[in-house]
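Protein chains in written order, with this note's numbering: chain H, 16 to 361; chain W, 5 to 282.
Think of the hints as simulated: they come from the structure by calculation, not from any bench.
Remember, it's a predicted structure, so these values are computed and weren't measured experimentally.
Positions of the beta carbon are idealized from the N, C-alpha and C atoms, including for glycine.
It is possible that part of the hints are untrue.
What the hints assert, rightly or not - Taking beta-carbon pairs under 10 Å as the criterion, some of the chain W residues facing chain H (in silico):
| hint | residue |
| --- | --- |
| 1 | A169 |
| 2 | N170 |
| 3 | N172 |
| 4 | D174 |
| 5 | Y175 |
| 6 | A177 |
| 7 | A179 |
| 8 | R180 |
| 9 | L182 |
| 10 | T185 |
| 11 | S186 |
| 12 | Q188 |
| 13 | H192 |
| 14 | P196 |
| 15 | A199 |
| 16 | L203 |
What the hints assert, rightly or not - Take a look, some chain W residues computed to stay more than 10 Å from chain H by CB distance:
| hint | residue |
| --- | --- |
| 17 | H21 |
| 18 | V41 |
| 19 | A68 |
| 20 | S111 |
| 21 | A128 |
| 22 | A129 |
| 23 | V193 |
| 24 | G201 |
| 25 | V221 |
| 26 | R227 |
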Amino acid sequence: MTHILLRALTKRYPAAPSPAVCGLTLDIDAGERMALLGPSGCGKTTVLKLIAGLLEPTHGDIEFDGHSVLAMPAERRDAVLMFQNHLLFPHLSVGENVGFGLRMRGESGPVIRARVAEMLNQVQLAGFETRRPRELSGGQSQRAALARALVLQPRVLLLDEPFSNLDAHLRDDLRALVLDLQRRLGLTTIVVTHDQQEAVMLADRVAVLFDGQLQQVAPPRELYTRPASLGIARFFGNPNVIRGLKRGAVVETALGALRMCHPSPDGAVALTIRPERIRLADGVENTVCGEVTHSAYLGTHLRLTLRLGTDTTLDVLTDSTHDIRPGQALRVTLPAEALWPVIESA
Amino acid sequence: MSLSHDGKGMTWRMALHRVAVGLIVLAVLAPLLPLGVWSFSGRWLFPALWPDAWSWRAWAYVVAPQSKVPAALWNSFSVALSVTIVSVLISLPAGRTLSGPHWRGKSLVLFLFIAPTIVPVFAAAMGIHIVLIRFGLADTWAGVVLAHLIPVLPYMILLLAGLFANYNTDYDAQARSLGATSWQVFAHVTLPLLAPGVLISCLFAFLISWNQYLLTVLVGGGRVVTLPVLLFAFAQSGDLPLTAALSLVFVAPALVLVALTARALAGHATALAGMGKP
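Looking at chain H on its own, in the form it has when it is part of the complex (with noise of 0.2 Å):
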């Protein structure tokens, strides 16, 4: 288990007007899984191949253990990157493939053999060594690339959108997969993804990566009901945004008077709250009364657009039980405690 430790990293490439990662501090603790989250393009990518030494940073420094690592070449950093294609190489079977760091490191013919065994058998796909690249489904090649990635028991495990060239049933099965393993192995384990589900489900802590900066490192279920950022909490779906003037414990909005029980400072104020945390009214504090323009029957939920005065609209999930129909007039509560203040930029 390696303790992983980011310090003002920074890559510059060259004839780019912006880096691609800024000032990147980031502790990442042993075995500990850490998600990448951000917007393609925001340099998650970068920050994956200079923890894996494929390329150098501009600054900064990466430590393992609290030793730097710069000077160690990609070959001996022991931190194994699986790209978001699987890059099986063309040329050698999957048994090959999969034994191919342990040839590296000169292993002999039998230990490989019996280590790629148990690892083919543990990705289920035992048997499979003769097999050619091109003979497997997407969903195998991403295992067989997981096994030769794993096989290596590396220090750390870098992936870079591991899932997302599958379909869904199959990125389920290779996510619980992975966590199976990763938790097992006891692997330090970064995860890149632009998808906030996955990042969700994969990691212990999700670090929000926006313009090579990062936002907002937090365990998924703080990012999600604390965003740090309007930007942030736009990321993890569209939460409503009533936006207000604060005094004290009271906002004054376009829908009223509301209290709110988050600290910020007095002044301008964007209050956001996800369409699930509305109820419908059991009150008289914070409830507003709407119209309802649409209404979409989700199985599990119900999906109601509300709209209020003239250009306030909130979205609304609420138990499928519920028969609302658009036209309606409908009285909601937004609970103080779900109404929670962020930073307009970003």
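Dock chain W against the given chain H, drawing on the hints supplied.
Only chain W this time, still in chain H's reference frame:
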């Protein structure tokens, strides 16, 4: 022989494919048929459609130890093989660098490398000859190899640069991340993945060298006798059966190499499918 070729699956597409391959093979081999007939002819005078008499004379001379043919064959082969090996060793790093990111002077270097294809060989050959005389390499086997590298290298470098440009370097990064050193990456990943393309390029290099006449005559000065040099001498002497026999010897390695490479590239017997194999 392979699964797709067994009787009942014979589709129009495959039939058409076979006819096309057959025609190509015919176009390549047909001009060689008169050479075959000539090489066995004893007496063949003008209006006759067929030789009056047959003879082994030409072939007997070709294989005779006192003839210059075996030595010329060996010279041609050893020169072409050396040129191929040296040119691939130069072109692999050159091609890789030239296909990579831009650096100052890259266009100039590229231009210098392909310059021999722009300048007429005859103009360059004189200068090459003078330089080689100065270095004591004129009239030597090594001098011929060096001279052959000049027309060979531009093609080799351009072919390999194209190969590297299309190569997905993520494979190299993946291999390094799995613990392979730079040399291991090259030997176990890059080279095997590029091997088919490198093989084709080597074939070109070999054949370009094999076909050189002018440079060999000038630089070899009649001391390094390769097949084309000998062939030219026989053709001028007017001994048609002997010229025909030698021409067949000259063209044989090219045909064999093309067939073998095509076979290796296709991974099965497609190359030979049109040559009478089922």
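Cross-check of the supplied hints:
{"no.": "1", "hint": "A169", "result": "violated, 18 Å"}
{"no.": "2", "hint": "N170", "result": "violated, 14 Å"}
{"no.": "3", "hint": "N172", "result": "holds, 8 Å"}
{"no.": "4", "hint": "D174", "result": "holds, 6 Å"}
{"no.": "5", "hint": "Y175", "result": "holds, 6 Å"}
{"no.": "6", "hint": "A177", "result": "holds, 5 Å"}
{"no.": "7", "hint": "A179", "result": "holds, 7 Å"}
{"no.": "8", "hint": "R180", "result": "holds, 4 Å"}
{"no.": "9", "hint": "L182", "result": "holds, 4 Å"}
{"no.": "10", "hint": "T185", "result": "holds, 5 Å"}
{"no.": "11", "hint": "S186", "result": "holds, 8 Å"}
{"no.": "12", "hint": "Q188", "result": "holds, 5 Å"}
{"no.": "13", "hint": "H192", "result": "holds, 7 Å"}
{"no.": "14", "hint": "P196", "result": "holds, 5 Å"}
{"no.": "15", "hint": "A199", "result": "holds, 8 Å"}
{"no.": "16", "hint": "L203", "result": "violated, 13 Å"}
{"no.": "17", "hint": "H21", "result": "holds, 22 Å"}
{"no.": "18", "hint": "V41", "result": "holds, 46 Å"}
{"no.": "19", "hint": "A68", "result": "holds, 46 Å"}
{"no.": "20", "hint": "S111", "result": "holds, 18 Å"}
{"no.": "21", "hint": "A128", "result": "holds, 38 Å"}
{"no.": "22", "hint": "A129", "result": "holds, 41 Å"}
{"no.": "23", "hint": "V193", "result": "violated, 6 Å"}
{"no.": "24", "hint": "G201", "result": "holds, 13 Å"}
{"no.": "25", "hint": "V221", "result": "holds, 43 Å"}
{"no.": "26", "hint": "R227", "result": "holds, 44 Å"}
The structure fails hints 1, 2, 16, 23 (numbered hints given earlier, in ascending order).
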